[in-house]
Amino acid sequence: MVDQPVSKGLDDMSKSDQLRDYVCRCEEIPRSAIREAIAEGNHTLNDIKRRTRAGMGVCQGIYCLRTVAEMIRSETGVHPSTLAPMTARPPARLISLGSLANIDPGSDEHDGA
Amino acid sequence: MSQVDVAVIGAGPAGIAAALAAADAGANTLLVDEGTRAGGHLRWRISLTLENDPGFGLSPAVGPEFADQLVERIQARGNLELRLETVAWGLFDDNLLGLSSANGAKEITAGAIVIATGSTDLVAPFPGWTLPGVMTARAAQIFIHVHRVLPGRAWAILGDSHEADELQRDLELAGATVVVRANDPETLRASGTNRLAHAEVGDDVYELDALAIALGRQPDAELALQAMAEATFSESLGGFTTMRDQDCETSAPDVFIAGDAAGIGSLAEIVAEGRLAGLAAAGADAAKLADARAERDAAMSNARAAALEELHLRPAGA
Chain A
164 MVDQPVSKGL DDMSKSDQLR DYVCRCEEIP RSAIREAIAE GNHTLNDIKR
214 RTRAGMGVCQ GIYCLRTVAE MIRSETGVHP STLAPMTARP PARLISLGSL
264 ANIDPGSDEH DGA
Chain B
38 MSQVDVAVIG AGPAGIAAAL AAADAGANTL LVDEGTRAGG HLRWRISLTL
88 ENDPGFGLSP AVGPEFADQL VERIQARGNL ELRLETVAWG LFDDNLLGLS
138 SANGAKEITA GAIVIATGST DLVAPFPGWT LPGVMTARAA QIFIHVHRVL
188 PGRAWAILGD SHEADELQRD LELAGATVVV RANDPETLRA SGTNRLAHAE
238 VGDDVYELDA LAIALGRQPD AELALQAMAE ATFSESLGGF TTMRDQDCET
288 SAPDVFIAGD AAGIGSLAEI VAEGRLAGLA AAGADAAKLA DARAERDAAM
338 SNARAAALEE LHLRPAGA
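If you read the protein sequences in the order shown, they are chains A and B. With my numbering applied, the first sequence corresponds to residues 164 to 276, in that order. With my numbering applied, the second sequence corresponds to residues 38 to 355, in that order.
Just so you know, not all the hints are guaranteed correct.
What the hints assert, rightly or not - Computed from the model, here is a short list of chain A residues facing chain B with C-beta under 8 Å: (1) Y185; (2) V186; (3) A202; (4) R214; (5) G240.
Unchecked claim - Covered stretches of chain A, going by a simulated chain B footprint (3 or more residues, C-beta under 8 Å): (6) 222-231; (7) 246-254; (8) 261-267.
Just so you know, these hints were derived from the structure itself, not from any lab. Predicted, not measured: the structure shown is a model, and the values here were computed from it. Positions of the beta carbon are idealized from the N, C-alpha and C atoms, including for glycine.
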């Protein structure tokens, strides 16, 4: 199992931590963890996402998707055109649970237009 | 019954073109954007409209002024509502669109959706890339042109893209120095104590206070993927790209996608495409659609045409 990421303040980070080549910044997944997952046989974007949490953070994979695809290509020869993108699930942006819980479908001023 | 005829997501150049076209075709149209002002990248890629009008019929002007004129045009349309600081967070079956603003979340239904959510900068990890002082080219341009802040004096730029050249010119005009250009993230290493101070490019070490990643842009098509639109990979269009027909409709019914969100393109290309998508989403008559298709084809480069050709799902109307 990959360790759960722990967010740390920059001041508390060791110099080596600051220099890590995180592929997924949101979940703090370094290049070595992606490489290990590929070596274990995870050759799709969704497999890597499930195995490592890369792409499960705030940006929902926008920033790491291409890097992971390129790593799969360089490690296995699988071209990105044969890969599906990571599954997109709502919400596409951060929204509060409270606002989701209080959705009133009839409240919009366009209602009835 | 739908609450609006056409909902356009993203008020950048493609989204504005789509919304104006849909409204002019008679559709009750809603245009939403998560930003505080409409205009999208016109407000930070300020040289794009300096010499050429991309197809709006306006005089060339510096980006923000050009965008302001578009906002005036939007406001003059009685059947077009612009809602800013409104996030589109979900797109579900039957064109149910989740929106969220300071007033809370809501869901509305639209007869048709035009996704014009633009692009995100491509990045590549290298040691030290999470240090403060390392940013995307877009972040640097937003600092300079939107917030009027120069985030560094001595810069490295990673990438040999068009965006890298554009950023170098912007930085130099703003009084900064580009110390080094690096092309390969594999040979780049950034370091510093709690913020960027040095970059190693190969065997050479440079003193810096900012580094911009300018490797190009990729389409932002997350909402189309949520709607289960088919997508594929196109290197020349920036990465994972939504499949669509010649009128910009995706494989999800009544969901259209246009502009950089559908594949990175020139401003003229994405404006012409936005207009076509807006008309198609509004159900404009065949003659208007044919004109818009011809304008789109005239604006399109051979490279984009070839890349898009591969993505066509089916002939229009089939």
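Which hints, by number, does the structure contradict?
Failing hints, ascending: 3, 4 and 5.
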